[in-house]
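Heads up: the sequence lines are chains W and U, in that order. First residue of the first sequence? That's 1 in UniProt numbering, and the numbers climb one at a time after it. First residue of the second sequence? That's 1 in UniProt numbering, and the numbers climb one at a time after it.
No lab work stands behind these hints: they were computed from the structure. Every residue gets a Cβ at the ideal spot worked out from N, C-alpha and C, and that includes glycine. Warning: the hint list may mix true and false statements.
Here are some, though not all, of the chain U residues that point toward chain W, as calculated from beta-carbon distances under 10 Å [as the list claims (entries may be wrong)]: (1) Pro-19; (2) Arg-21; (3) Glu-29; (4) Met-32; (5) Met-39; (6) Leu-41; (7) Ala-59; (8) Asn-65; (9) Glu-69; (10) Lys-70.
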Amino acid sequence: MGELGGVQTNTGAKLYFILPAEIQKGLATIGDPLKKTELFAVTGRLNTLSMIMEAGSGHIGSSFSAMDIVSHLWHNVLRNPNQPQEQYSDTYFSSKGHDAPGLYSVFIGLGLLPAELLHKLRRLGGLPGHPDISTPHIATNTGSLGMGISKAHGMALARRMQKKSGRFYVLMGDGELQEGQFWESLQPAVNASLGEITAIIDHNKIQSDALIKETSDLGDIEQKLRAFGWFVIRIDGHDISAIAGAIDECAAVQDRPQIIIADTVKGKGVSFMERIGEDGYYKFHSGAPFGGGLSKGVGRASGAHPRPRHRTGHFRNSASCARRAAKSTAAH
Amino acid sequence: MDADLILDTGLIPFKQRFPDRYVEAGIAEQDMVSRAGGMALEGLLPVVHSFACFLPARANEQFYNNASEKKKIIYASSLAGLLPAGPGHSHQSVRDISIVGSIPYLTLIEPANEFETKLVLRWAVEKNPESTYMRLVSIPVEVPFSLPEGYSLERGKGVVLKEGGDAAIIAYGPIMLSESYKAAQLLEKNGVSAAVINLPWLNVIDEKWLSEVTRGRALVATLDDHYKTFGQGAMISQVLAALPNAPLTLSIGLDDIPACGTNAEVLIHHKLDAESLAQRIIQALTPEV
Chain W
1 MGELGGVQTN TGAKLYFILP AEIQKGLATI GDPLKKTELF AVTGRLNTLS
51 MIMEAGSGHI GSSFSAMDIV SHLWHNVLRN PNQPQEQYSD TYFSSKGHDA
101 PGLYSVFIGL GLLPAELLHK LRRLGGLPGH PDISTPHIAT NTGSLGMGIS
151 KAHGMALARR MQKKSGRFYV LMGDGELQEG QFWESLQPAV NASLGEITAI
201 IDHNKIQSDA LIKETSDLGD IEQKLRAFGW FVIRIDGHDI SAIAGAIDEC
251 AAVQDRPQII IADTVKGKGV SFMERIGEDG YYKFHSGAPF GGGLSKGVGR
301 ASGAHPRPRH RTGHFRNSAS CARRAAKSTA AH
Chain U
1 MDADLILDTG LIPFKQRFPD RYVEAGIAEQ DMVSRAGGMA LEGLLPVVHS
51 FACFLPARAN EQFYNNASEK KKIIYASSLA GLLPAGPGHS HQSVRDISIV
101 GSIPYLTLIE PANEFETKLV LRWAVEKNPE STYMRLVSIP VEVPFSLPEG
151 YSLERGKGVV LKEGGDAAII AYGPIMLSES YKAAQLLEKN GVSAAVINLP
201 WLNVIDEKWL SEVTRGRALV ATLDDHYKTF GQGAMISQVL AALPNAPLTL
251 SIGLDDIPAC GTNAEVLIHH KLDAESLAQR IIQALTPEV
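The following block holds chain U by itself, in its conformation from the complex:
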């Protein structure tokens, strides 16, 4: 099911291959999401797509109503996050985790790269007994990291992309993981050893895993491609705060309405580029004089 975005998001081949399984809902997200609920009640598994800035925001109550019936639906939101920054704030989806993240029976997940996207879709179809909200970045990103051999998804658990002992940066999605990875490389040059951890799960976390992966570190930095308030970082901080000997946490994310500009300009403007991240982490690690 789609709301007038198949050209923008590369879904035309699906429509051509499965014309009977493609439903064009038009620019009517609430109608589309309730129709998906009706289909799920009748035994189908609907996959519902629109931009992240519209789908969960326009149809929030419809998401919740569907969740209350505990039938399985897959929501796919493209154009998630701060970038591209050209379209401006109406299209920069940086609040969708907070909009639908607390809905029971709905798992939010953002893949790090093309490979993990395939894993996520397969997991959503075959493994997740609940509904899934897939948060997808829609710009090409050259990622400097790769997922380890044999990696598979485990609910609530992340994966280390780069080892490091002093600090850990936890992020998700291709853009922020790439900036984190580059920041960790910069930090190394400054004598700080920082791990980079991909945590694709946005509203579920395995507390034991988090406790183990952060143990003994001086700092855990979380990086949201989203408003800092009620993003993934808030969930991580909540768990860390309850741990004995909890590490210092630094929550990074959007603090203001996203700016419009080139992608590079806007990352720097919001201090979410690798260099700013490295500086902010060093600053956090430096004891106040």
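Isolated chain W (complex conformation):
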């Protein structure tokens, strides 16, 4: 691979990746950490899109809806993450696990995984379709829904028993809340006063097939969670400063676990992925996002959402550098 991965798919579409060095170059021009995070999330979306396109399948909708939350956590919040043997370690994992491609993009963007893995999604010896602890920095195997709070509960008890410390951040899908185990896990976590657990619901309103409200409506989810004894906040899950505020607020709560209901948009960042199909079904949950219409998606992922000029400008500069490099490397 050259300095930048430009890859031709078998449909003839060209994929663009932004390498970590390019991302860091762009980030270095921004001072405000939250604004840095916004840009980082945009690069994460682009790389996620290209990874999934190259792999031919992957959960794009939920990778995109969770990207701002995941970017903030990994960029600004987690201390010594996912090092269970160490005295202090924060733990992050996604309970739904579908958003693995997005998480991999974040890892690669931060230099936690080699950039070559951008081309190894869902490949033998590469990055699995759902999280697996054989991948560095993955805390637990997920993808089978509803287990997240239970797992964090066990981890937290074990850390307490071993006199270790650290906070737990568990990302959950909203469709996932239909699983019985989620409800089974809520009360015991409160009973054990697990203030070190913060769960974040990526509330994008759409499950695998269709709208949650048309599948098995969650009802008044805030009230239900409060009734179990959780500390509950609801925020816009694409507003980095709101995410940051909620995370800080939760960290101050010590006597009970907290849950952030983050209102998000499934497929956020690509306009035509942000809505349910005319037939009532959502087409970008998993699988190949589109056949040959790739360049359309790439263009929109990078520029679909107007942001303050200086940030978008840097991103576009990075992206255009990336594209130029891609052309030179894709030629051979």
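Assemble the complex: chain W is given as a structure, and chain U must be docked to it using the hints.
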């Protein structure tokens, strides 16, 4: 870790002795098993207990998810098997081998008596690098056999409890081994010499050992305290079928939803009592006219 069953299963002394190492999960097996997975990831060795009818069935996917992380957990299931028959089929665990037996990195084992139970627990803690599922019978049984002096567990290998040349009965656990032993005594009176072999391993088998211990016998009968389908007998038959000069095999186990009744009634009803076993073995050995 326990799911509201310490009174029924005699675990209160553990809780009293190790209050900091006892976790009451409530009647929430899936939550409990995933919590165990989280503990294992953080470096602990969780021992997870509930009834066999609930633990692997309710939390099957959680068992598998934990196994996929290849961390060590000990699952202990009590009330395994057909008896006691009083509670009825909701509590008669006769399908747990088939539920979790194919999970990689998980060894299923059922001890024959109190002594072997201690061996199994020690083996699970100290020797087995993988996770262990201990299947435990929960009624008092007066066993007519004893394990040989100096017996120790060897993965996939059984042990002969009673010698015999014509046939071999392979079983596990106190109830079915006792019925097998009594059946072998009845068979002797009918001129059939039958060995009784304890094979505590439910999903692993040493093929060489099985080949040697069954060589030259006219019949190998397997006896499951479980549905016959996908029980230990199926594993044994699979190995035997591939042997040259394979002995005739007779798979015995549950064929129907377990009946409710007294223990003796229900054993007879399902033709799993010593007398029925002896008859079925004689029948299998008798050439059809």
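Next on the checklist: Does Lys-70 (chain U) hold up as a contact with chain W if the rule is Cβ-Cβ below 10 Å?
Outcome noted: Nearest chain W Cβ about 8 Å off; hint holds.
Item to check | Interface restraint verdict for Met-39 (chain U) against chain W (beta-carbon cut-off 10 Å) | outcome: Result: holds, 4 Å to nearest chain W Cβ.
Checklist entry - Should the hint that Ala-59 (chain U) touches chain W count as held when the rule is a Cβ pair under 10 Å? => result Hint on Ala-59 (chain U): holds, closest Cβ of chain W at ~9 Å, below 10 Å.
Next on the checklist: Hint Leu-41 (chain U) vs chain W: min CB-CB distance below 10 Å?
Outcome noted: Result: holds, 6 Å to nearest chain W Cβ.
Checklist entry - Is the shortest C-beta separation between Glu-29 (chain U) and chain W less than 10 Å? => result Result: holds, 9 Å to nearest chain W Cβ.
Checklist entry - Was the hint right that Glu-69 (chain U) lines chain W, CB cutoff 10 Å? => result holds, 5 Å
Item to check | Interface hint for Asn-65 (chain U), Cβ within 10 Å of any Cβ on chain W | outcome: At 5 Å from the nearest chain W Cβ, Asn-65 (chain U) passes the 10 Å test, so the hint holds.
Checklist entry - Does the nearest C-beta of chain W fall within a distance shorter than 10 Å of the C-beta of Pro-19 (chain U)? => result violated, 12 Å
Item to check | Status of the Arg-21 (chain U) interface restraint (C-beta, 10 Å, chain W) | outcome: This interface hint holds because 8 Å falls under the 10 Å limit.
Checklist entry - Minimum Cβ distance from Met-32 (chain U) to chain W below 10 Å? => result holds, 8 Å
The earlier numbered hint that this structure contradicts is number 1, and it is the only one.
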